[in-house]
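Protein chains: 2
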Amino acid sequence: MPDTKDQILDAAECLFSEYGIGAVPLRRIVAEAKVNSAAIHYHFGSKEKLVKAVFVRRYGPINRQRIELLEALESAEQPPGIEQLCHAIVAPPFRIGEGTASEHLYRSLAGRLMTEPAYMELIFNDLFAEVDRRFDALLAKALPDLPDTVRTWRKFMATGSMIFVLREQNLIARASNGLCDTSDVEVTIRRLVRFMAAGLSAPMADDEADLVAPARSGGRNA
Amino acid sequence: MPDTKDQILDAAECLFSEYGIGAVPLRRIVAEAKVNSAAIHYHFGSKEKLVKAVFVRRYGPINRQRIELLEALESAEQPPGIEQLCHAIVAPPFRIGEGTASEHLYRSLAGRLMTEPAYMELIFNDLFAEVDRRFDALLAKALPDLPDTVRTWRKFMATGSMIFVLREQNLIARASNGLCDTSDVEVTIRRLVRFMAAGLSAPMADDEADLVAPARSGGRNA
DNA sequence: GTCTATATCCTGATAGAC
DNA sequence: GTCTATCAGGATATAGAC
Chain S
1 MPDTKDQILD
11 AAECLFSEYG
21 IGAVPLRRIV
31 AEAKVNSAAI
41 HYHFGSKEKL
51 VKAVFVRRYG
61 PINRQRIELL
71 EALESAEQPP
81 GIEQLCHAIV
91 APPFRIGEGT
101 ASEHLYRSLA
111 GRLMTEPAYM
121 ELIFNDLFAE
131 VDRRFDALLA
141 KALPDLPDTV
151 RTWRKFMATG
161 SMIFVLREQN
171 LIARASNGLC
181 DTSDVEVTIR
191 RLVRFMAAGL
201 SAPMADDEAD
211 LVAPARSGGR
221 NA
Chain V
1 MPDTKDQILD
11 AAECLFSEYG
21 IGAVPLRRIV
31 AEAKVNSAAI
41 HYHFGSKEKL
51 VKAVFVRRYG
61 PINRQRIELL
71 EALESAEQPP
81 GIEQLCHAIV
91 APPFRIGEGT
101 ASEHLYRSLA
111 GRLMTEPAYM
121 ELIFNDLFAE
131 VDRRFDALLA
141 KALPDLPDTV
151 RTWRKFMATG
161 SMIFVLREQN
171 LIARASNGLC
181 DTSDVEVTIR
191 RLVRFMAAGL
201 SAPMADDEAD
211 LVAPARSGGR
221 NA
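Chains S and V supply the protein sequences, listed in that same order.
If you use the numbering used here, the first sequence corresponds to residues 1 to 222, in order.
If you use the numbering used here, the second sequence corresponds to residues 1 to 222, in order.
There may be inaccurate statements among the hints.
Just so you know, same-sequence chains aren't split out, so a pair can sit in one copy or run between any two.
Unchecked claim - List of simulated lysine to any residue pairs, SDA-like, C-alpha gap at most 25 Å: (1) K5 to V56; (2) K52 to Y19; (3) K52 to A118; (4) K141 to R28; (5) K141 to S176; (6) K47 to V24; (7) K52 to A39; (8) K5 to E83; (9) K34 to V24; (10) K49 to A175; (11) K47 to G22; (12) K34 to K141; (13) K49 to G22; (14) K47 to A23; (15) K49 to S176; (16) K49 to D148; (17) K141 to N177; (18) K141 to R174; (19) K141 to P203; (20) K49 to S75; (21) K5 to I67; (22) K5 to E48.
Bear in mind the hints are in silico, worked out from the structure with no lab data behind them.
Since we're looking at a predicted model, the values are computed, not measured.
Could you put together the complete structure from these sequences and hints?
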């Protein structure tokens with residue numbers, strides 16, 4: 001049986017996933033967790049610290065998995081394949097909680113952070129900075145012809161598509177009239193990896209290349 | 001000089017863009033708008049109705065522009081090019097408010113809606129349903145080989161990347177150390193169109209095709 | 001460590017004078 | 001239409017008995 005602290009973390013995670021962080025009052029968490037109304041402040045000190053604890057508990061393991069997968073690609077002689085690389089980022093957050101009753105909630109949590117600026121700043125450096133750095137380095141190796149600017153832009157765009165799919169599973173299932181089956185995790189991962197990899201590795205448009213070249217009408221060397 | 005109603009709408013739009021809808025109390029809007037604290041309820045009736053008015057004012061024109069661009073593609077004999085099609089969706093929200101001092105705020109507003117479920121339901125049908133329907137129909141014509149399921153999944157992923165770029169301009173500029181210049185709207189549009197079009201039109205992976213094929217080793221008809 | 005009770009603040013919304 | 005004053009409810013956080 002989980003102790004009070006875990007009960008609170010579990011309840012908070014489910015509720016944050018489903019309704020968003022800002023929309024969940026502490027009262028609702030203590031009710032769901034069936035603990036005393038003062039327990040959150042006793043164990044965590046404040047809502048902000050509780051939020052951080054929820055994310056650390058979940059994203060610690062996810063990002064360790066990501067880093068393991070990225071390390072395998074780093075130590076290879078060959079530059080990584082772009083799909084492998086995307087897979088290393090995409091698969092871990094989709095697979096958390098798999099098999100448990102509330103797995104879809106955990107996945108939905110995964111995308112909440114970026115969309116809540118107040119908590120984003122609070123957490124990003126501790127939890128995501130290293131993954132981002134390593135992913136970017138490998139991406140540069142996988143796509144050596146892309147200028148830094150273009151690669152970085154596309155990294156954000158790919159991230160955006162991943163976050164959207166993680167976060168909006170309910171919306172996707174509903175707005176597609178059930179056509180998109182968000183419950184099949186492995187299929188979702190493949191589709192997303194395919195999409196991201198294609199976008200990341202698209203040949204540059206001529207006018208796109210222009211925009212990062214040091215010189216213009218004369219010619220470009222970058 | 002704008003009247004009270006417009007002052008409120010302007011202030012609300014800026015604040016919603018910057019901080020998110022849920023995070024902005026009405027008191028802050030009236031302070032920013034320099035109007036009386038009862039003015040919002042007098043003119044709009046409730047916060048919910050104010051939010052709706054803000055989005056209608058901004059997305060009415062944007063979606064009319066989108067529909068105009070989509071109509072041009074609908075009436076063409078040829079199936080539309082995938083980049084043209086993406087451009088019709090992407091360009092209007094990026095171009096709103098262009099040249100005004102707070103143009104980046106308007107663009108940021110554009111992405112707020114989807115991330116605030118409470119207001120999303122309220123507004124989507126009125127403002128976005130028709131654009132979505134027409135875009136999807138043209139997408140099916142532009143990518144006739146993609147099964148409905150794959151096309152729909154990819155439409156969500158492409159939407160996610162667009163929303164992320166619209167919403168997180170500050171984050172993108174900051175996290176890239178200025179490498180990504182979010183102030184150049186036309187460049188941003190091209191990069192985004194390129195990324196989305198490449199993702200949408202990627203050839204299906206073999207295992208991705210399997211997942212939507214009507215028959216498998218045994219065969220399924222649903 | 002747990003609980004009840006409550007302090008303090010802030011929210012959206014309203015009443016009623018002008 | 002505009003303003004001041006205020007309500008009722010709900011938020012985070014804390015005090016103090018057990």
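Here is how each hint holds up against the structure:
Proximity of K5 to V56 under the C-alpha cut-off of 25 Å is restricted to the intra-copy arrangement: shortest distance 14 Å within a copy versus 44 Å between copies. Taking the closest pair of Cα atoms, K52 and Y19 come within 25 Å of each other both inside a single copy (17 Å) and across two copies (20 Å). When the C-alpha separation of K52 and A118 is checked against a cutoff of 25 Å, the pair qualifies both within a copy, at 12 Å, and between copies, at 23 Å. Taking the closest pair of Cα atoms, K141 and R28 never come within 25 Å of each other, the shortest separation being 47 Å inside a single copy and 48 Å across copies.
For a Cα distance limit of 25 Å, the shortest separation of K141 from S176 across copies, 18 Å, qualifies, whereas the shortest one inside one copy, 37 Å, does not. In the homo-oligomer, the alpha carbons of K47 and V24 lie at most 25 Å apart both inside one protomer (10 Å) and across protomers (19 Å), since each shortest distance falls under that limit. Taking the shortest alpha-carbon separations for K52 and A39, only the intra-copy value of 16 Å comes in at or below 25 Å, while the best inter-copy value is 38 Å. In this assembly of identical chains, K5 and E83 lie within 25 Å of each other by CA distance neither inside one copy nor across copies; the values are 39 Å within and 51 Å between.
Taking the shortest alpha-carbon separations for K34 and V24, only the intra-copy value of 15 Å comes in at or below 25 Å, while the best inter-copy value is 31 Å. Taking the shortest Cα distances, K49 and A175 sit within 25 Å of each other only across copies (24 Å), while inside one copy they are farther apart (35 Å). For the homomeric pair K47 and G22, the shortest alpha-carbon distances inside one copy (10 Å) and between copies (17 Å) are both at most 25 Å. Taking CA atoms no more than 25 Å apart as the test, K34 paired with K141 passes in neither setting, with 50 Å inside one copy and 53 Å between copies.
When the C-alpha separation of K49 and G22 is checked against a cutoff of 25 Å, the pair qualifies both within a copy, at 14 Å, and between copies, at 20 Å. In this assembly of identical chains, the alpha carbons of K47 and A23 lie at most 25 Å apart whether taken from the same copy (12 Å) or from different copies (15 Å). Taking the closest pair of Cα atoms, K49 and S176 never come within 25 Å of each other, the shortest separation being 37 Å inside a single copy and 28 Å across copies. In the homo-oligomer, the alpha carbons of K49 and D148 never lie at most 25 Å apart, since the shortest distance is 36 Å inside one protomer and 44 Å across protomers.
Within a single copy, K141 and N177 get their C-alpha atoms only as close as 40 Å, which misses the 25 Å cut-off; across copies the closest is 20 Å, which meets it. In the homo-oligomer, the alpha carbons of K141 and R174 lie at most 25 Å apart only across protomers (23 Å), although the nearest pairing inside one protomer, at 39 Å, exceeds that limit. For a Cα distance limit of 25 Å, the shortest separation of K141 from P203 qualifies both inside one copy, at 16 Å, and across copies, at 23 Å. Taking the shortest alpha-carbon separations for K49 and S75, neither the intra-copy value of 37 Å nor the inter-copy value of 56 Å comes in at or below 25 Å.
In this homomeric assembly, K5 and I67 never come within 25 Å of each other (Cα to Cα): the closest approach is 28 Å inside a single copy and 52 Å across copies. For a Cα distance limit of 25 Å, the shortest separation of K5 from E48 inside one copy, 15 Å, qualifies, whereas the shortest one across copies, 36 Å, does not.
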